[in-house]
Amino acid sequence: MSGTLAIFKRELRSYFATPVAYVFIVIFLMLSGAFTFYLGGFYERGQADLQPFFNFHPWLYLFLVPAVSMRMWAEERKSGTIELLLTLPVTLWQAVLGKFLAAWAFIAIALVLTFPIWLTVNYLGDPDNGVILASYLGSLLMAGAFLAIGSCISAATRNQVIAFILTVVTCFLLLLAGFPMVLDFFRAFAPQGLVDAIAGLSFLTHFASIGKGVVDLRDIIYFVLMIAVWLYATAVVIDMKKAA
Amino acid sequence: MIETRNLTKRYGSFTAVDGISFRVEPGQVLGFLGPNGAGKSTTMKMIAGFLAPTSGSASVAGFDVESQPMEARRVLGYLPEGAPSYGEMSVREFLGFVADVRGLDGTRREQRFDDVVGRLHLERVLEQPIDTLSKGFRRRVGLAASIIHDPEVLILDEPTDGLDPNQKQEVRALINSMARDKTIVISTHLLEEVHAVCTRAIIIAAGRVLADATPGELEARSRYHQAVSLTAGNLQEAKEALARVADIASIEVDPQDNRITAFPKPGRSIFVPVNDALKAGNVDVRELALEAGRLDEVFRTITQSAVGTEART
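One line per chain: the protein sequences are A and B, in this order.
Just so we're aligned: 119 in my numbering is position 128 of the first sequence, and the numbers increase by one with no gaps anywhere.
Each number in my numbering corresponds to the 1-based position in the second sequence with 12 added.
Rather than coming from a laboratory, the hints here were simulated on the basis of the structure.
Just so you know, even glycine gets a beta-carbon here, dropped at the ideal spot from N, CA and C.
Just so you know, nobody snuck in bad clues.
Residues from chain A that face chain B, not an exhaustive set, calculated with beta carbons under 7 Å:
| id | residue |
| --- | --- |
| 1 | -7 |
| 2 | -6 |
| 3 | 1 |
| 4 | 5 |
| 5 | 9 |
| 6 | 71 |
| 7 | 72 |
| 8 | 74 |
| 9 | 77 |
| 10 | 78 |
| 11 | 80 |
Next up, chain B with everything else stripped away, as it sits in the complex (with noise of 0.2 Å):
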């Protein structure tokens, strides 16, 4: 469980994190929305212990941050962003160094080494200096690092930053598959993973919180929501059965691929009747789908307002 209550950190004038309240509870996956800069990054180094907050708290598992640091740290696995790690040393060595500070021994010592050198397929590089591994290994060596101790409480920092589609679907196949008994918090600004790997999403500009939902529930809030899109053979045959439909409220036609999509009235279901006009237009449809949203429309929508604010005031 992770629960953050108020957080905030001030670098002089300047409000990095503003007031930051969440809870996380075990079994979700939390993914962490928002522009750079957002104070996505500072958030997590609270939680993690790294930078003292100015005000509030954090707390991981039920121990605060700041009064019980060692007791948070020992239940917490932590991936800084950029997934630093020790060049000089061989993959053998710095998981063996990890797993020395966090006092694993005896076989649970070498059961964990293997597990996680398994799961992020570390066999044929344990030997080599991290320093000489692509950027993707080594993002997997800092991934190994921060689960070798089956920690209860995750946080990665852009786990999949710099990876290729490939690498990005195996460490997303990994977090969903420790998601069941874990409290997993990512941050990202690739809103295809909120999808891929988050039960719930928070939205994050300029230090604040702007929303706080499942993937769902702000696709719904994009005005693609229940919209229906289509291509058909002649352009202005489709318009004119769709014009016929009482409850679209408007329609646009993307100028590169003719492609129409129809915006339903608020509340009103629109797929069927489309359906039904084109039929009854004798409308040479080619593809029809009905929109569930789009996450980087909203993303955009609720980002941008809020930096306009900011910048009134």
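Pulled out of the complex, with its shape left as it was, chain A reads as follows (with noise of 0.2 Å):
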């Protein structure tokens, strides 16, 4: 355990020692606000709920977290560390764990800094609270999907640039899964079951239910599934790969 927390508070830092952490923390804050208010409607609707601010959140996402995540296995293998992190006393899992939940909390701390719109809608009415922490939920175990996806396919290459635009199309065609106008082109001539099982493994589906403010245990059981399959794939990946 010793092992994953020290790799996990070496990558953390090593977020805030590059402008990476900023630069991402600042586009997400800035256009998180802008989409709320200027294409969500946030003033207009007249609803006191963070509704339009949730739900641009996956396609934030799209764009940012792959680009959080392409430089996680493939700077260390392109600069040799790799060799060094493996070697020391910490298994291949510890090493995946402790860089996925480094990630996964700066993500958590961009997310915290959004809470001035919490207080805003909280000053303006009276909200859900209960409805907006759900979504704060749901938002964080996608983001923590698409990481996943992205220590994956970071691992499969030493090319950052490959890494991140594979990211975004796996990422975009998982988000599309849910999509209606997705969903009624295999309506028209699939079953309901394999309609169904698309929109079961899409993003948007799961991350929109717990957005309602109704943790169901299969929501929340996706997300986890679907982190935990991609880091394990992420360490099959990286031991193929190191012997190449």
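Two independent chains are provided; combine them into the complex using the hints.
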């Protein structure tokens, strides 16, 4: 455990040692604000909730999370530090987990820094803070799933640009799977079971259902499983790539 | 102690390391020699537990690197080729990180930290990001990280590569100072380094061990071993004098500086007879030396014949 913790601390600190952290946080806060107020019609809706704020999170994450995850393993491989890291007395799992948790904690920090919008909505009206809390949880879980995918793809290449693009595409496909447009297309010919399966794979479906304030165990399990599977894949990919 | 048994690594049809077996005891400094691509780094990576062997096994201080990887890694210090480190961290943070992962704490942590910083003269750069350091300092930071837990077994992949002569000297002194109670393996392609630090040398090429001996024994394989070289005022006179020595097998003259080298017949010692003959012939000798043998020549002979057979098969 001490190995995971040491790696976690090192990684988290390294985000703040480079401009990555600050650029990410500033852009995340600016964009989430702009989307909420201009595109989401925060005031015009006349409702005291953060629906317009959370609705844009999947799309923000689509570009910002891969920017965080792309360096996770690609840089390690490029600079050769992977050889240092994986010959220290830590298991591959501890390293994968430590790195992932650090990136996740970093996004959690960015998410926490959006608190002014929560203050605003509480000042303006009387929102259901339970729903807001659930939405924050859903948002964090979704970010975790994006990160786990990015971790795996980052492990597969030493080129960060490739890691970024492939992660965006993969996450985009997983988001799209729940889009009404896509589901309608499948509904036209596919049996309902298949349509449900496709919708069931989608980030959006699960994120939206948590966002309604109903914290269904199945949605949580979906994201946790998603994270676990992609992290497992990360470890497998690193092991395979090491030999080459 | 390090032991490998038939250690082999294959990539598809290419065999990078081909059944290497050796054993290194505490107190020994083993030099791993070989041309580029001979399999030195691959062998070291397998012992360090980074790469899994295709077949065969390796153990570090009695722990098998595959079945007891954590135990083996705990007693091992490993400097990967190029001494990689996290560039955005300061030297203090980086060494602190390695100490944390290795579970050092309390006074021992402080003690070890001060010890390696002192040994590698890192005091001045402790707060600097590693990215901003010179190559020599970066290598020293890597070395410091590899010995921070005072390991029993040390594997250093080209520890002096890219250092200037003074820095090389310092690193060699460091290795010598640790050699007494540790098991150390270093890889290098500098033959002078073998003399300076190694008690034993293994020459590998094309993934196979071609020689395993002390530096002295290797030199004895050289055709220069026991040869006598001299420079004389009059080349012709010197040659005539040498022609009278019965045990000389052949004589070569360096066309550049007219240095004469006389090679003895196998098993004969010619230094005294040569000296006598030169005196008797009244030759004006400017310099006379007994050769110990040339490692570079032995190295070339051994590795090139191996590459030759490889090309034929």
